[in-house]
Each structure stands twice: as C-alpha cells, then as structure tokens.
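K.L.:
First to last, the sequence lines map onto chains A and B.
Mapped onto my numbering, the consecutive letters of the first sequence carry residue numbers 1 to 342.
Mapped onto my numbering, the consecutive letters of the second sequence carry residue numbers 343 to 823.
FYI, nobody ran anything at the bench for these hints, they're computed from the structure.
Treat the hints loosely; a few may be bogus.
No farther apart than 27 Å at their CA atoms in a straight line, the calculated lysine-lysine pairs in the DSS-like style are these [stated by the list, open to error]:
{"hint": "1", "chain 1": "A", "residue 1": "Lys98", "chain 2": "B", "residue 2": "Lys800"}
{"hint": "2", "chain 1": "A", "residue 1": "Lys283", "chain 2": "A", "residue 2": "Lys308"}
{"hint": "3", "chain 1": "B", "residue 1": "Lys733", "chain 2": "A", "residue 2": "Lys283"}
{"hint": "4", "chain 1": "B", "residue 1": "Lys737", "chain 2": "B", "residue 2": "Lys521"}
{"hint": "5", "chain 1": "A", "residue 1": "Lys98", "chain 2": "B", "residue 2": "Lys618"}
{"hint": "6", "chain 1": "A", "residue 1": "Lys297", "chain 2": "A", "residue 2": "Lys283"}
{"hint": "7", "chain 1": "B", "residue 1": "Lys695", "chain 2": "B", "residue 2": "Lys618"}
{"hint": "8", "chain 1": "B", "residue 1": "Lys759", "chain 2": "A", "residue 2": "Lys283"}
{"hint": "9", "chain 1": "A", "residue 1": "Lys283", "chain 2": "B", "residue 2": "Lys476"}
{"hint": "10", "chain 1": "A", "residue 1": "Lys85", "chain 2": "B", "residue 2": "Lys654"}
{"hint": "11", "chain 1": "B", "residue 1": "Lys800", "chain 2": "B", "residue 2": "Lys476"}
{"hint": "12", "chain 1": "B", "residue 1": "Lys759", "chain 2": "B", "residue 2": "Lys733"}
{"hint": "13", "chain 1": "A", "residue 1": "Lys297", "chain 2": "A", "residue 2": "Lys308"}
{"hint": "14", "chain 1": "B", "residue 1": "Lys524", "chain 2": "B", "residue 2": "Lys721"}
{"hint": "15", "chain 1": "B", "residue 1": "Lys737", "chain 2": "B", "residue 2": "Lys759"}
{"hint": "16", "chain 1": "A", "residue 1": "Lys89", "chain 2": "B", "residue 2": "Lys721"}
{"hint": "17", "chain 1": "A", "residue 1": "Lys5", "chain 2": "B", "residue 2": "Lys476"}
{"hint": "18", "chain 1": "B", "residue 1": "Lys695", "chain 2": "B", "residue 2": "Lys521"}
{"hint": "19", "chain 1": "A", "residue 1": "Lys98", "chain 2": "A", "residue 2": "Lys85"}
{"hint": "20", "chain 1": "B", "residue 1": "Lys524", "chain 2": "B", "residue 2": "Lys724"}
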Amino acid sequence: MLAGKPFNILWLQAGSCGGCTMSVLEAGSRNLFDELQVLGAHLLWHPALSEATGRDVQDLLNDIINGDVYLDALCIEGAVMTGPKGSGKFQMVAGLGKPMAEVIRDLAARARYVVGIGTCATYGGIPAAGGSIGEATGLQYLDDSIGGLLGADFVSSEGLPVINISGCAPHPGWIMETISVLTYGDFSAEDLDALGRPRFISNHLAHHGCDRNEFYEFKASAATLSDRGCLMENLGCKATQASGDCNLRAWNGEGSCTKGGFSCIACTAPAFQNIRNYHETPKVAGIPVGLPVDMPKAWFVALAALSKSATPERVRRNAHADHVVVPPGRVPGPRSDKGDKS
Amino acid sequence: MTRLLVGPFNRVEGDLEVNLQIDEGRVTEAWANSPLYRGFENILQGRPALDALVIAPRICGICSVSQSLAAATALRHAAGITMPENGMLSANIAHGAENIADHLTHFYLFFMPDFARDIYADQPWFASIVDRFKATVGTGAAQWLEQRRRLLHVLGIVAGKWPHSLAFQPGGSTKSIDKGEKIRLLSTVQDLRRFLETNVFADNLDAVTELTNADALFAWADNHPTGDFAQFLTVSRACDLDTLGQVALPLMSQGAYHNLEGSLFSRGVFDPATGKRNSVNIDAFSEDLTSTWMQGATAHPANATAHVDADKDEAYSWCKAPRLNAQPVEVGALARQVVDGQALICDLVRAGKTHVQARIVARLIETARLVSAMEGWVKALKPGMPFCEEKPMVKTGTGSGLIEAARGSLGHWLAIKNGQLSHYQIIAPTTWNFSPRCAAGVAGPLEQALVGTPVRAKEHDPIAVQHVVRSFDPCMVCTVH
Chain A
1 MLAGKPFNIL WLQAGSCGGC TMSVLEAGSR NLFDELQVLG AHLLWHPALS EATGRDVQDL
61 LNDIINGDVY LDALCIEGAV MTGPKGSGKF QMVAGLGKPM AEVIRDLAAR ARYVVGIGTC
121 ATYGGIPAAG GSIGEATGLQ YLDDSIGGLL GADFVSSEGL PVINISGCAP HPGWIMETIS
181 VLTYGDFSAE DLDALGRPRF ISNHLAHHGC DRNEFYEFKA SAATLSDRGC LMENLGCKAT
241 QASGDCNLRA WNGEGSCTKG GFSCIACTAP AFQNIRNYHE TPKVAGIPVG LPVDMPKAWF
301 VALAALSKSA TPERVRRNAH ADHVVVPPGR VPGPRSDKGD KS
Chain B
343 MTRLLVGPFN RVEGDLEVNL QIDEGRVTEA WANSPLYRGF ENILQGRPAL DALVIAPRIC
403 GICSVSQSLA AATALRHAAG ITMPENGMLS ANIAHGAENI ADHLTHFYLF FMPDFARDIY
463 ADQPWFASIV DRFKATVGTG AAQWLEQRRR LLHVLGIVAG KWPHSLAFQP GGSTKSIDKG
523 EKIRLLSTVQ DLRRFLETNV FADNLDAVTE LTNADALFAW ADNHPTGDFA QFLTVSRACD
583 LDTLGQVALP LMSQGAYHNL EGSLFSRGVF DPATGKRNSV NIDAFSEDLT STWMQGATAH
643 PANATAHVDA DKDEAYSWCK APRLNAQPVE VGALARQVVD GQALICDLVR AGKTHVQARI
703 VARLIETARL VSAMEGWVKA LKPGMPFCEE KPMVKTGTGS GLIEAARGSL GHWLAIKNGQ
763 LSHYQIIAPT TWNFSPRCAA GVAGPLEQAL VGTPVRAKEH DPIAVQHVVR SFDPCMVCTV
823 H
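With these hints in hand, go ahead and build the complete structure from the sequences.
P.N.:
The following block contains the structure:
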C-alpha cells in the first residue's frame, strides 16, 4: 500500500467458469470483504460483487485505460478467447462492443501487476483443450509455451511478468496470499518459478502430506477409485509430479482431491486439459510412465519391489477397501510369562 | 421510441448484455445476448467417455456439482449402472449444499444490493437495507460469506473440494463417509439451520415452510420483521415486485434429489395459465439456432449438431433457443416448487403469471425445505456400506442425464463409440430462461418478462430491468458453455 492510497484491484472474467471467484469468496478467517479492507485493498470492480453496472463500468474501464484511475493489480480469471480467426468475437465485452482480449491488453499496459487467476488465465486450461475452436490462450502462456495474449516480453509497470496462480480452481488461500503479498510490495521475480507461479505455492508437490502416504510407501495400490490405497500405480494420480501444497492445507475445511477419493489430475500444470483417461495410469511393461519428479526409474522399480514385499497385511487389506477394515495397533492378548514384567 | 443497450451486466454469473426498446417509459421489446462462447461441446467430442467427469463440471464453477451429476447420470444411464443408496445420499447432500450456497449468494450478494442503490434513498426502508445489503460492505453479506465458508465444509467432506470435484462417478461417490465425518456433516448442516433461523427468517424453519398463502406470508413477516427475508418482503411490497417481470409460460422441473423411494421434489410441467400439471416429455425438447451465431437444423439435443458462424446476420446471442413442444419454458426454484405443489409458491402465482417476488420467495422457501431434507440424508448414511458400484464403462451406448441445478433443469445428452464420446449436447437452466427468439419469432422467458418493465427518465441502466434480470439468478457461464 503506497502512502495511504488504497491498493486498487480490478477483477475481470474472461473465458471463465466463475469458479475462481467462487473459490476466493471463501478466503480469509472471517470474510473476503473484511480481508480486503484489512489489506488496504479497494476492489475497483468485480463482476460478481460490485454495485456498479453498465455505463458506470464502461466509464471505469475507459478511465483506467486512459490513465485517469490508477490500477495496482489487474486480476484476470478465465482463458482469453481470441477466436474465431483472431477476431475475439467469442467474447465481446457487454455494452462496450470490444473484444475482451483487446480490453485486457489495454488494461495490462496500465497495471502495476497482472495476475492470472486459475489455469485458464495462466495457461489456457480447459477452453484451450484439443478440439476447441475458441482459440483460447492464457495471458502469457499457451500450455507451457511462453507468449500467450500479452507476449513473452510483457512485463507490468513493476517489471514483473504475469503472476500465474494456476489451479482449477485454485485454493482460496493461493489467491488471497498472492494478492496480499503484492499489497505489501514484498514480491520480486525471484519469487516466481519457471512457469511464472509464486514459489511459495509451487515449491511443494500435491503429494506432500497426502494421507495415503503409508499406502504409497508400501506401494499398496488402490484398484478402484473408492479404495483407500495409493492412487498412483493404477488410477492415474499425478500428485507426485504436480505442483501445489494441496495436501498441506485443507480445502473447504478438511478436504483435498485425494482425501475425496479421487486422483490428482495435475490441474495446476500447463496442458492438464489434454490428458486422456485421467484415472488410468499409463504404463510400459507394467511400470508407470509418469514417475515421481526427479526419481530414477531403476530406483523406483527396485524400491517398489522391496516395499511391496514388505507390505503389512493391514495395509494390504485396507488398500482394497473403501473404509478401514483392519485397524492399526496390536491385538491385545493374554499376558506373556516370558515378557519383561517391570 | 428509443433503444438502450445495457451491459456489462454484473452480479449475474458470467457475461450478459440486454438490448431494450423503450416507449413511453416502458420496455416494449427486449433481446438477451449471452456474449461468451467457450465451446465445451466441441471439447468433449472424441474424448474417452469418463473424461466428461473432468471436463463437464468445469463448464461452471458455480453449478459445478450440478454439471458433474448431470454428466455422471448420463454415463450411468449409458452403462446401466445402479448406485448404492449411500452414493445417492452423498450426491444429494453435496448437491443440496451447492444449491443452498447458490440461493443465498444470489439473495445476499446479487439481488438485494440493488435496493441499496441511491435511487431508493427516499424510501423509509433504505437505511436498514443499506446496512444489511450494500454491495461489498453490507453486514448481511459478510455474515453470509462466513456461513457459506462453513457450509462448504460439507463439500470438503463429501467431495474433497469445491468447485470441480471428481467424487461423483457413474457408480456413486468415491468418498466413503465414516461415523466421525457423518457427525461433522450433521453439525455443519445444523449450523446452517441456525443461520437461517437467526439471520434469514428469524423464526424456526417449520413455521416458514408451513405458510400456505400470500396473506399468511405477509402476516408472518409483520410478526418477524428482523429477518432478512422479512426485509425483502417489505421492499417487495413497497416496489410492487409481484407486478414486475411477469410472464406466463409453462414451468418445468425434472424432479430433484433422488433416493431409493423417489425424489424430494417431483417432476413435471405446470401451466400457470390453465393451472394444469402434466408429465414432461423430454423427447419433445428441441434446440433452435435461428438467433444464435451458429448454423444447424432445429433438432433434439440427442441428435443436434451446430457449427459456429460468428458473422450470421439475424443472430444476436451465443445462446441457443431450447423449446419444449416448440414453446419456451421457465425453469428454476419457482418452477420446482410449483411443480411440487408447494402451497405458498402455488398461491403466489395463482393469477397465472410468475414474477420477481415469487422467484425470490421460492428460492428461500426451497432453502428452508432443503435443510430438513439434508439432515435426514446425513442421518441415513450407512458407514461401512458401499458408496460406489464398480462397473466398467461401456464402449458403445447413449445416455441422458436430466437433473435440477439451483437455477433449473439441466440436461446432458451423450453418445459413446469405441469408448469415446461421439456426441455431447447440454441444455442448461439459463439456456431455457435467457433463450433468444426461435424461428417462429417467439421470445425467451426473460425477453418476455422484461416487456412492460418501467424505465425512469434518463436512466441508462434501468433499475427495474436490473431487478427483473437478477430475479432469474442467471448463470451465463452455463448458458452457452
């Protein structure tokens, strides 16, 4: 926050499902509006939350583009629809008669920070899936190719590329913590990973903290989605490769994908929309193709064989049930005369 | 006679532009434009059948569970799978939580803030409405957001996360619930009950759901004036919201929240003009592309094909025009409650037309009814019994999944060939409500409801138009998909 001036945020929805907004509405220990107020942040306009409509919004957008209203953070949710044939007609801004793609480009030139909210805005996401005729792109990437709408060389007035909060939808904490860090001015290029994501999120793998960890260690694998076992060997789980502290924090109070009984689909990764058969693990000669990041294949095979041979009966049986059938702990028996009685 | 283009239209989910023709202070004709196209039906083509469970929910981050359940239902139908009872209950609990979150978010964040606009500053109720509902600062909205976060714990437990879960499969739910989780679910729903009985109704829910007619409703409101619902009723009387946004079209519901015995809300079509209730013939659905930037013959969604044509002259929306027996229909909580025969809501539309007031009351009455049902579903869960029936997906087949999302009837139609989706068509609730004109020139429900809406002198974003549009709680992202 600069010398008492509010930190001005403009949030627009491009080719979006609205899910990132639904997610951020959950942010904060109390409620989003209190959270923003404490930060000294002012929501210039948000399509789902603000009072202003129609003409007033047209005026606001023009004022920002003309430099009459300053903009700290431009938050874009959703992929940019550039089709058909580059015309942008797949999303014309209502009332303005201009393509959203053009409006975003004009606003980005005025923003101190440009923030891509969700995998659509960052990398294209679902609207950019194969077969799509929407010509959807992310703000500065299309899949993992740099460029996107704004181009590889784009930097906002603070000298940063687009800050990519990927995830479909991202955790509310990822969105609010990133915006909060920006309001304190405590963010530099070193805080971004190679794909423009804040490192305090992408330093972790979705696998870290997974409550199926014991099954993973023993390669006690689930055979179907409702089984409790590890989802990696058979059911396509990408958590050992996917960025995000997904299992280090709670989703909606106490959940996560793997806690909900289904595999990680790497929704924080570029091009996750083009995976086919999400819940099947591709294998060559019985060995999963997608091994944990930085794990040599030979080591994985050797460790898997060893751990499988050492799997306790409890872990083996629970891996193939949808609830715990064998509880942990020793079964109480008669007191042994041979034992230490001290 | 003047023309007015209204947009960007906010506090609707997604993009909307409304074009109005105005004469002597009244709207004489309206055209609804859904200006965003993403192409989900194309994206789904050629994908392995079960990939629909990843892609379809992402049509909408607001009605994500609804889209998920429609896709799972269509696949279940294609594969001939029967869910275990626990799977049905889990789906109902998650769906109930999402739908209530939608209804109350609409009430607190989208609809009511318009009455806190300065245009109403001379009204006796203005100060208290500003206190509760002013956009981004109202105390009611802040309290609702805190309650909403608590309510979404239901989805954390049952679905892992929200929006966009993969918990709902053709065979049931991937998440088995143990006794501890069951108790946590119950306590979350009971917290919601407390919020409704304290903030929304200021009375116990049974007293509200037992109201049978408009007179009883307003008498009740006079005795419970502190609740936000009563505040709405005060505003509604002052602004004659029962005369605003009137339309006389069939009301349709696919029936909602199924279990082994049937469904909580019944299925059917009700014609307010005649007062008759009939069964729904989904074979009589069609999609007309006359006013849509697409080319293709009018056809049933199981057979329809469409090709984008962004330069089509006579078109004005990306939304298709769905019809039942060649007629537009209104869908939503109001339609669901009328089709189900809920006495109060039936009484509110007894004059043969739906209106703004009835649409808002129906959502809140439905919310009250749902909470009791959710408590019952949670209690009926049987930990240790199966939640999911495992059966492989068919390589060839067809299926349809018709459900009720918060905003009304949602249908998915799919065909599978060689394990891949060869056809996928979706008709979403707001596709029905915000339909453009069809070949016969018949306007969609919103377009009809806007006719007659008053426009004050020099208003560039007419306030009454805002009320009518938002009374439908449009979900524009679902509409075109």
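K.L.:
Each hint: holds or not?
P.N.:
The hints, checked one at a time:
{"no.": "1", "hint": "A:Lys98 - B:Lys800", "result": "holds (25 Å)"}
{"no.": "2", "hint": "A:Lys283 - A:Lys308", "result": "holds (18 Å)"}
{"no.": "3", "hint": "B:Lys733 - A:Lys283", "result": "holds (22 Å)"}
{"no.": "4", "hint": "B:Lys737 - B:Lys521", "result": "violated (38 Å)"}
{"no.": "5", "hint": "A:Lys98 - B:Lys618", "result": "violated (46 Å)"}
{"no.": "6", "hint": "A:Lys297 - A:Lys283", "result": "holds (12 Å)"}
{"no.": "7", "hint": "B:Lys695 - B:Lys618", "result": "holds (13 Å)"}
{"no.": "8", "hint": "B:Lys759 - A:Lys283", "result": "holds (24 Å)"}
{"no.": "9", "hint": "A:Lys283 - B:Lys476", "result": "violated (56 Å)"}
{"no.": "10", "hint": "A:Lys85 - B:Lys654", "result": "holds (15 Å)"}
{"no.": "11", "hint": "B:Lys800 - B:Lys476", "result": "holds (23 Å)"}
{"no.": "12", "hint": "B:Lys759 - B:Lys733", "result": "holds (18 Å)"}
{"no.": "13", "hint": "A:Lys297 - A:Lys308", "result": "holds (16 Å)"}
{"no.": "14", "hint": "B:Lys524 - B:Lys721", "result": "holds (8 Å)"}
{"no.": "15", "hint": "B:Lys737 - B:Lys759", "result": "holds (6 Å)"}
{"no.": "16", "hint": "A:Lys89 - B:Lys721", "result": "violated (50 Å)"}
{"no.": "17", "hint": "A:Lys5 - B:Lys476", "result": "holds (23 Å)"}
{"no.": "18", "hint": "B:Lys695 - B:Lys521", "result": "violated (47 Å)"}
{"no.": "19", "hint": "A:Lys98 - A:Lys85", "result": "holds (15 Å)"}
{"no.": "20", "hint": "B:Lys524 - B:Lys724", "result": "holds (9 Å)"}
Consistency with the previously given hints fails for numbers 4, 5, 9, 16 and 18, ordered from lowest to highest.
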